[in-house]
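Following the hints, position chain B against chain A.
If you read the sequences in order, they're chains A and B. Residues in the first sequence are numbered from 126 upward in steps of one, following our numbering. Residues in the second sequence are numbered from 3 upward in steps of one, following our numbering.
Calculated from the structure, these hints are not laboratory results. It is possible that part of the hints are untrue.
What the hints assert, rightly or not - Capping the alpha-carbon separation at 25 Å, the derived lysine-lysine pairs in DSS-like fashion look like this:
1) B:65 / A:296
2) A:182 / B:65
3) B:322 / B:284
4) B:57 / A:182
5) B:104 / B:145
6) B:303 / B:322
7) B:236 / B:250
8) A:262 / A:182
9) B:262 / B:250
To be verified - Which bits of chain B does chain A cover? Going by a derived footprint, with three or more residues having C-beta under 8 Å, they are:
10) 52–62
11) 84–95
12) 160–170
13) 205–212
Don't be surprised by glycine CBs; every beta carbon is placed ideally from N, CA and C.
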Amino acid sequence: MLVALKSLLGIAACTSLLIGSAVQTSSAPALKTNELPADTLIVLQRGACEHRCAVYKVIIFADGSVIFEGRSYVRRSGLVRSNISLEVVRQLLDEAAAMRFFDLKERFGDGSATGCDSIRSDAPTAIVSVGSAGTSKTVVHDLRCVGAESERLRQFEEKIDKAVNAARWIK
Amino acid sequence: MAYDRDAAVKYAEAHWNVPCDDGVLWLSNEALRIDTLRKQLHAPAADGWQPMFVKGDGSDPEKAVFRRTVGSHVEEKLINGWAGLADCAHFLSRCLSAGGAKINERGVTELVNTLQARTDTKTLCDRVARDGAQRVIDTGVLKKGDMVGYFNVSPTGDYGGRIAYAHSTMYVGKLDTAGIGGVTCHTVARFPPKSWVNDSWWLHDGYVYTLIHFADDDPKPNPARANALDGWWKLTYSARTEYYYIFKDGRARYSKIAPKSAKDAMHAMEGTAYWFMDGSGKITFTWKASGTVEVWTPDTKDLTTYSSMINTSTPGVVTKLFSSP
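Next comes chain A alone, as it looks inside the complex:
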């Protein structure tokens, strides 16, 4: 089971790399009304900081299955599998569309203050990938970046955490 999950994580990681480099615009296939596009994938990775921030990755798939990989400063290290409802996944996709996630810059505050009103001290980097119906995007978000778009992105990242109840594996 563990090997299978790790394999799945590997695929997801590769996918997130791929979707970071290209935006596809092909039309989505016909769907049953309660299904999401099969290529739906939402990934949130949180990196380290001096404050001992929790380092982990959350992957949400089209069928609502969730994989949490706790790396350091988390309650649950390693891989955990869970599920959320399709409605919750759909809400996250709607949130992404509403905040124009696919039009955001690919980097916020990561090595540059462009797009940031200011840079605050010590905060981790979050990498967010969202893909569905042939459209995908990855944003590298240095949370030290203070600004309106950065704040909207931060709130979206928190919604991903809340959607899977990541707190139960972190604190």
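Relative to the frame of chain A, chain B by itself:
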């Protein structure tokens, strides 16, 4: 023997980015011995391998490695990544010990407790907000070689938001006359301006701060003026009245309840402070629980009336009520 600040800072400068001279590196739950690691990782000193802390990979703040340079090529063997590194209190213990204050703690809470229990230290402020701690620093009482404790109060802060001491550093003084101060520490390795992180003493948001000062080398107050301070005082400011009991040994307390005589014990004590007197007779109080800084300037030659200024902005008047019996 008085604490040797220069020796403590000199030790910090020599060890800020390398393991301490006892050959131990502390993780959260265990000690790593450098000589054992050398064998395990095949990194003998004879081949040029040196243990050190360097900037971590990706967003990791730091990692511990053996490193050597061969020609123009830098080789590295990982000792430990960011996760688990926790050498700040150990490093500070070694710095303080180099200055003559023999301490051996690896936890920040234990280090704070040990320092506060010493007779040669004064806790200038205890878990106060950054502004309060900066006010105390701006008095100049905190000196290089003194300790800064970082108490996490953020639910998203260190170690999953644990409300506890999370970090410790040693103050190295203001970096310039207009500066706000710098610190040296391990995890992450700092010695301004040498480190890859070169930030202010408060490091980050989400903390309150404890400042512990070695007091043996403080200027001694004029004995006559110190004796004149001993006893009960009344402070009025902003339509408030407070009552102080000042000890000639440098301590002070306050209450909102007036004493009836010189022998009255203080009721409902609201706070404690240390006071420091300069050569002109000006007295600076640092209030422990709030970081309030209060400066008294003598108004009369008989030293029974002072002008008070609280946090550089609120004036008050102080009058002597009773001398110590």
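Quick one, are residue 322 of chain B and residue 284 of chain B close enough, alpha carbons at most 25 Å?
16 Å, holds
Quick one, are residue 262 of chain B and residue 250 of chain B close enough, alpha carbons at most 25 Å?
It holds: about 21 Å lies between the C-alpha atoms, which stays within 25 Å.
According to a criterion of three or more residues whose C-beta lies within less than 8 Å of a C-beta of chain A, is the segment 84–95 of chain B covered?
holds (count 3)
Starting from residue 303 of chain B, check that the Cα of residue 322 of chain B is at most 25 Å away, please.
Roughly 13 Å separates the two Cα atoms, so the pair holds.
Are residue 262 of chain A and residue 182 of chain A close enough, with their CA atoms no more than 25 Å apart?
Distance ~17 Å between residue 262 of chain A and residue 182 of chain A Cα, so the pair holds.
Mind checking the alpha carbons of residue 104 of chain B and residue 145 of chain B for me, to see if they're no more than 25 Å apart?
Roughly 19 Å separates the two Cα atoms, so the pair holds.
Quick check: the segment 52–62 of chain B, covered by chain A? Criterion 3+ residues, Cβ under 8 Å.
Since three or more residues must qualify, the claim that chain A covers the segment 52–62 of chain B holds, with 4 doing so at under 8 Å.
Would you check chain A against the segment 205–212 of chain B, counting CB to CB pairs closer than 8 Å, and say if three or more residues qualify?
holds (count 4)
Going straight from one Cα to the other, do residue 182 of chain A and residue 65 of chain B come out at no more than 25 Å?
21 Å, holds
Below or equal to 25 Å on CA atoms is what counts here, so check residue 65 of chain B against residue 296 of chain A.
24 Å, holds
Between residue 57 of chain B and residue 182 of chain A, is the straight-line Cα distance small enough, at 25 Å or below?
Holds, because 22 Å separates the two Cα atoms, which is no more than 25 Å.
Report holds or violated for chain A covering the segment 160–170 of chain B, Cβ cut-off 8 Å, minimum 3 residues.
Holds: 5 residues of the segment 160–170 of chain B have a Cβ under 8 Å from chain A.
This entry satisfies every hint, going by the numbered hints stated previously.
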